[in-house]
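A.B. asks: For reference, the chains in residue letters:
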Amino acid sequence: MTRPSESVFAIRTEGLTKDFSIGFWRRRPHRVLDQLTLAVEPGEIFGFLGPNGAGKTTTIKLLMQLIFPTSGRAEILGQPVGSVGVRRRVGYLPETPYFYDNLTAEELLTYFAKLFGYDSTDRRRRVERILDAVGIGVERRHLLRRFSKGMLQRVGIAQALLNDPEVVFLDEPMSGLDPIGRREIRELILGLRQQGRTVFLSSHILADAESMCSQVAILVGGRLAKVGPLGDILSFDRGWELVVADLPAAARSALGARAQQVTEIGPGRYVFELGASDPDPFVRACVSGGGRVVSLNPLHESLEDLFVRLVEVEVERERAQADGDAGRAAEASES
Amino acid sequence: MSLAGLTIGRGRESLRVIGHVAVHVFKESVRDRVLYNLVVFAVLLIGASYVIGQLTAGQDVKIIKDLGLAATSAFGLFIAVFLGIGLVSKEVDRRSIYSLLAKPLTRGEFILGKYAGLVLTLAVNLAVMAVAQYAVLGYMAWTESPEFRASWEAPATDPALLKALFLIFVQLSLITAVALFFSTFSSPLLSAALTVGLYVVGHFNADLRNFEAVVDSPIVGGLARSLYYVLPNLAPFDVKNAVVHAQPVPLGYLGLTTLYGATYVAVFVLASIFVFSRRDFK
Chain U
-9 MTRPSESVFA IRTEGLTKDF SIGFWRRRPH RVLDQLTLAV EPGEIFGFLG PNGAGKTTTI
51 KLLMQLIFPT SGRAEILGQP VGSVGVRRRV GYLPETPYFY DNLTAEELLT YFAKLFGYDS
111 TDRRRRVERI LDAVGIGVER RHLLRRFSKG MLQRVGIAQA LLNDPEVVFL DEPMSGLDPI
171 GRREIRELIL GLRQQGRTVF LSSHILADAE SMCSQVAILV GGRLAKVGPL GDILSFDRGW
231 ELVVADLPAA ARSALGARAQ QVTEIGPGRY VFELGASDPD PFVRACVSGG GRVVSLNPLH
291 ESLEDLFVRL VEVEVERERA QADGDAGRAA EASES
Chain B
631 MSLAGLTIGR GRESLRVIGH VAVHVFKESV RDRVLYNLVV FAVLLIGASY VIGQLTAGQD
691 VKIIKDLGLA ATSAFGLFIA VFLGIGLVSK EVDRRSIYSL LAKPLTRGEF ILGKYAGLVL
751 TLAVNLAVMA VAQYAVLGYM AWTESPEFRA SWEAPATDPA LLKALFLIFV QLSLITAVAL
811 FFSTFSSPLL SAALTVGLYV VGHFNADLRN FEAVVDSPIV GGLARSLYYV LPNLAPFDVK
871 NAVVHAQPVP LGYLGLTTLY GATYVAVFVL ASIFVFSRRD FK
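As you go down the protein sequences, you meet chains U and B in turn.
With this note's numbering applied, the first sequence closes on residue 325, and no number is skipped along the way.
With this note's numbering applied, the second sequence closes on residue 912, and no number is skipped along the way.
Some hints here could point you the wrong way.
[As the list claims (entries may be wrong)] Pulled a few chain B residues facing chain U out of the computed Cβ check, cut under 7 angstroms:
#1 K733
#2 P734
#3 Y883
If you are wondering where the hints come from, they were derived from the structure by calculation, not from laboratory data.
Glycine residues also receive a C-beta, built at the ideal position from the N, C-alpha and C atoms.
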């Protein structure tokens, strides 16, 4: 990843590693994040993906200094994480946020606004604007203990954006939201990019990442499995999809043998899945056989396909490592 | 410059943030139904002391004062322990701390704000109980004849009661700091047990000093003596008997005892900041 040297990465980690101690009597370290090195450019929506337990939330907590790294370092906007100066410029939505039962949404945001040091006029203006933006109306004066999960999620997003942050960390922002809420929040996130803000979006909903993120990183088993622009990391070598109309039955039989798969989608209308080789000869054969080409599209790997493939590779790697460890242990006991 | 996680260099900014956290804690606490129930129950008990006082011959004012101060002390302890142990652990368990610590405040400021808020809550609750107690005593004085009132060792609405109430407040502020300290690293139940344990040991602290005389083992005796020097001695905070029996409680004693309590408060709050600043919130 190359960039002008004078500018600063929005987020940068170098060899970030976290071990937790497990076990009751004999405490031993369990690595949940292993040598994570990442750089996120300012102004982009960066998708941070991975299955449950991959280390996504651990990474965000390290960046928010809610936990401390075992080794490695992290910077936000060129400053070490955890400094009060950085926190002024950052917003954070935790996974399944929870707030104070006995406060209203308005009081909670006012409290947080006070911590930022805004004067009373600015506080009122910010709180009203952000609650409107996340779709909380009259409920803003209700106690938070009466809020549904989706409403709490909206409050969580509101408090993360209260200070107009330059970098926003959103941990599963769509969690608990209904389809309308998800669309609203998606538009809100896209709006942040238009304002030039950096969004670090952790999610396991791949469709959200695919529709919003310019760059993604996939974390599997605490390791960075893939990182880069979506277009680059998805493989485009799965072949072609050709849709043909008005194709006579005889031509279909002849052409079917040359295609990987044929699906009839209407009278004389077929979808041919072709291999990765040049599709031109097949297209010409269709036309000369009396068919009419409707569309020709490259078949590429979906994010879901890639995700599943990476998880399978990691599972395989872990299994091989476990077998290796067991083998070594057996050899050691024999000798 | 940073001391145990508290950034000293922030000066007035730190004070402002600590103030906001304290007001928030107070606001949250006064809306807690459990707290209301405790205060209402304490006020009722103070009121009931009037009835109990009537059952005794000639000792009614002393009984009311004694029961009132004891109820204030006991319910104050409940409030200090109940709110103190939940102060940090509730935030961690419910994960509300995640959003809060992402805001521009240090962990030290968070702890100091929490402590200040709880002490403020405690002060307001003790003030409510004190008003209830003075109201009962005032009613007592109003309904009795001047001759009968003259037989009392001290007037019913004796201002010296405030000295006892003040030392109860200092003692409970110390207990709150202890509860806060335990809650930075242990579960609410364990924190409550440890805090109440320290409260009990604190009231029998003098016995630890003389433990060597009653045990054969020099190790146990030495350990008891070490504990005597390390653990706070809470007996000096209890001037209920002196006040009820109209014995003088000099201001110098009040000042020194407050200083003694404040020293322990500072130690426990700094220890809380030290532990909390290094803690991982998994």
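A.B. asks: Report the numbers of all earlier hints that the structure fails to satisfy, in ascending order.
C.D. replies: 3
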